[in-house]
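A.B. asks: Please build the complex by placing chain W on the supplied structure of chain G, with the hints as guidance.
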Amino acid sequence: MNIFLILKRWIEIPIHYKTLFWGFVRNEIKGRFAGSIGGFFWSLVTPLANLLIYIFVFSIVLQVRLKPMETGTDSFAVYFLTGLLPWTAFSEALSNATDAFLGRANLITKVSFPLEILPMSGVIVPFLLNGLGFVMFLVYLVLKGYFHVAWMWLPLVVAVHMVFTLGMVSLIASLSVFLRDIKQFIGTALSLWFFLTPIIYPLSMVPEKLRWVIKLNPMYPFIELYHQTLLHHFISFEMLAYAGSLALLCFLGSAVFFERSKYAFADVL
Amino acid sequence: MPLNAIEAQNLTKHYRVYLRPFDRLKEAVMRKPCHDLVEALADVSFDLPEGGTLGIIGENGAGKSTLLKILAGTTRPTSGEMVKRGRMAALLELGSGFHPEFSGRQNIYLNAALLGLKEKEIRDREQEIIAFSELENAIDRPVKTYSSGMYVRLAFSIATSVDPQILIIDEALSVGDQRFQQKCVDRMMNFRKANKTLIISTHSMYMINELCSRTLWLKNGRQCGLGKTPSVVSNYLSYLEEGVASSIDKPSEPSKPAESLMPDILIEQVRLLDEKNEPVVHIRQFQTLIVQVKTRRVGKPILGHLAVGIGFPDEVQIFETTTKMSGLEPIVFSGEQVIELKIPSIPILGGNYLVRVRVGDEHAMREIHRMTYGPFLIESDHPEIGMMWMPHSWNEPRAA
Chain G
1 MNIFLILKRW
11 IEIPIHYKTL
21 FWGFVRNEIK
31 GRFAGSIGGF
41 FWSLVTPLAN
51 LLIYIFVFSI
61 VLQVRLKPME
71 TGTDSFAVYF
81 LTGLLPWTAF
91 SEALSNATDA
101 FLGRANLITK
111 VSFPLEILPM
121 SGVIVPFLLN
131 GLGFVMFLVY
141 LVLKGYFHVA
151 WMWLPLVVAV
161 HMVFTLGMVS
171 LIASLSVFLR
181 DIKQFIGTAL
191 SLWFFLTPII
201 YPLSMVPEKL
211 RWVIKLNPMY
221 PFIELYHQTL
231 LHHFISFEML
241 AYAGSLALLC
251 FLGSAVFFER
261 SKYAFADVL
Chain W
1001 MPLNAIEAQN
1011 LTKHYRVYLR
1021 PFDRLKEAVM
1031 RKPCHDLVEA
1041 LADVSFDLPE
1051 GGTLGIIGEN
1061 GAGKSTLLKI
1071 LAGTTRPTSG
1081 EMVKRGRMAA
1091 LLELGSGFHP
1101 EFSGRQNIYL
1111 NAALLGLKEK
1121 EIRDREQEII
1131 AFSELENAID
1141 RPVKTYSSGM
1151 YVRLAFSIAT
1161 SVDPQILIID
1171 EALSVGDQRF
1181 QQKCVDRMMN
1191 FRKANKTLII
1201 STHSMYMINE
1211 LCSRTLWLKN
1221 GRQCGLGKTP
1231 SVVSNYLSYL
1241 EEGVASSIDK
1251 PSEPSKPAES
1261 LMPDILIEQV
1271 RLLDEKNEPV
1281 VHIRQFQTLI
1291 VQVKTRRVGK
1301 PILGHLAVGI
1311 GFPDEVQIFE
1321 TTTKMSGLEP
1331 IVFSGEQVIE
1341 LKIPSIPILG
1351 GNYLVRVRVG
1361 DEHAMREIHR
1371 MTYGPFLIES
1381 DHPEIGMMWM
1391 PHSWNEPRAA
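Protein chains in written order, with the working numbering: chain G, 1 to 269; chain W, 1001 to 1400.
Bound-form chain G, shown alone:
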């Protein structure tokens, strides 16, 4: 099995099957709001409401302050949201991933189409939906005077983060076909993972002896990159290289696993 051929396939599929790919994305998004009167409106209101609640609670009521030297901001709400929004996209993608193949058994056993499209749209959709909230948050940051040229790294950071997510989603999606327990366990795993990632606390608050645990967490470099570009206004190329290779490794590993197991899907489902 040639790894370059697999890679080529993953790159070509969304181009060759453009209609199908975007059809899945569109349907997934529309499907979430199907039957509701507000429809797309809710995907704007919900993140906006969340944003306002966090800012209100942490900046106005509790007035939690951070040390700007360590976090790049003194506002806890700003620090928290910088990590939370990318995390939400990631964790939504992962918790939906268990159903990417399992929930479409009927389709997979009856229609022949490139299955790679399913994890791909499974990553695009939460990133698009949470992207709306993220853009609102960026606007808030600009208004608060956080804008900086270092933000130009943001698209790259998001891209690396998405590649990592795609790897995780493909792995979980294909594993779930064989191990249905993953579905039960993913929620707990994600909330554990959330608290082991420096989102709700800065790394500097973790006792020095225990920091290595946090740093081993594969999600740490991605969240840290968001913190760096948006708040610290610089990017550490070591961190970027680390995150990039982690993402690539995770994706390639999952792609190989997917390639080997995909022919068994129709038989197992």
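Honestly, the hints are just simulated from the structure, not real lab data. One should not assume that every hint holds.
[Stated by the list, open to error] Restricting the straight-line Cα-Cα distance to at most 20 Å, the calculated cross-link-like pairs of lysine to aspartate or glutamate (EDC-like) are: (1) G:K30 / W:D1036; (2) G:K262 / W:E1027; (3) W:K1183 / W:E1134; (4) G:K18 / W:D1124; (5) W:K1294 / W:D1381; (6) W:K1118 / G:E12.
Quick caveat: nothing in here was measured; it's all calculated off a predicted structure.
C.D. replies: Same frame as chain G, now just chain W:
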């Protein structure tokens, strides 16, 4: 010599059956087999030239669906080789991939994209798909509100509009009303005429006879017959006949496969003949019309009655008669028979009509099998309006 659209060689499919999902993991980790092997398909080989039509018949569980899944590419054979040439559309289950919350129109887009169409191609075909499915009034409603017949109509319209070189259909047309089924058969006929390759699996011998030049008979996953449709079908029917006979011998046997598959009396063919017993193409008003019905009874002779009716395509019947109404004794159905109804002069006005033939039990109460012929055209020189021409004359106007 045309190229082969499909070449299948020694296709074999084994399914591993695990009693518990945990066994699958155990096997993967311990490397010790923890499964039972089920042979769904064994050594099936055939070639299908471009433009060929292949019917697949067999009892339930004979491996028809497995074979179609392999041909469609949703599953891989355990061993064996398959080559296919050309765009393929498979209808393994009608409406798989429909999203119940979305409207019919939205589902057209996703479903056609699944079958490999590009956005522009779908847009070009949208109107035609809707028109064929006859869902103009319901197309913007969510498909969860559709009846199963509407579901099938939409799915069939999409699959066939993709214009594939190879079309695979699995038992798809058993739903939907007679008229739509006829429309589907017509469309598949056009497929044949356009030199496209067609593979159908069905329990309907009528459809196989009508559509397929060659037939493959599967029995317990093995190839039991492959060849010209009439000979394979007749072998299959006599095999079913034996099955019925042996299950009568052994009444304790719970499964009678043949019974569920076939009506007691089968209408095999309906033809329209003129007074010289020649098949008619153009029917003229007041000509002699003979409705010839070919029936087949598998098993012991049984009694029954036959009904022949003429009506409009929209279910409205103009005239129907039965052998019982005509005061005849019940017909003894046994083997292949031909029964004819002669109408010396057909008074129906010009238009499109259907002949509906039904066979019922000896009391003419329970319907056993039915077949519809047509629509066919009756041509008339009379300008009058209505259903049929009645002899008439006008009296001179006079003072009242």
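A.B. asks: Just pull the numbers of the violated hints for me, sorted ascending.
C.D. replies: As far as the earlier hints go, 1 and 5 are violated by this structure, in ascending order.
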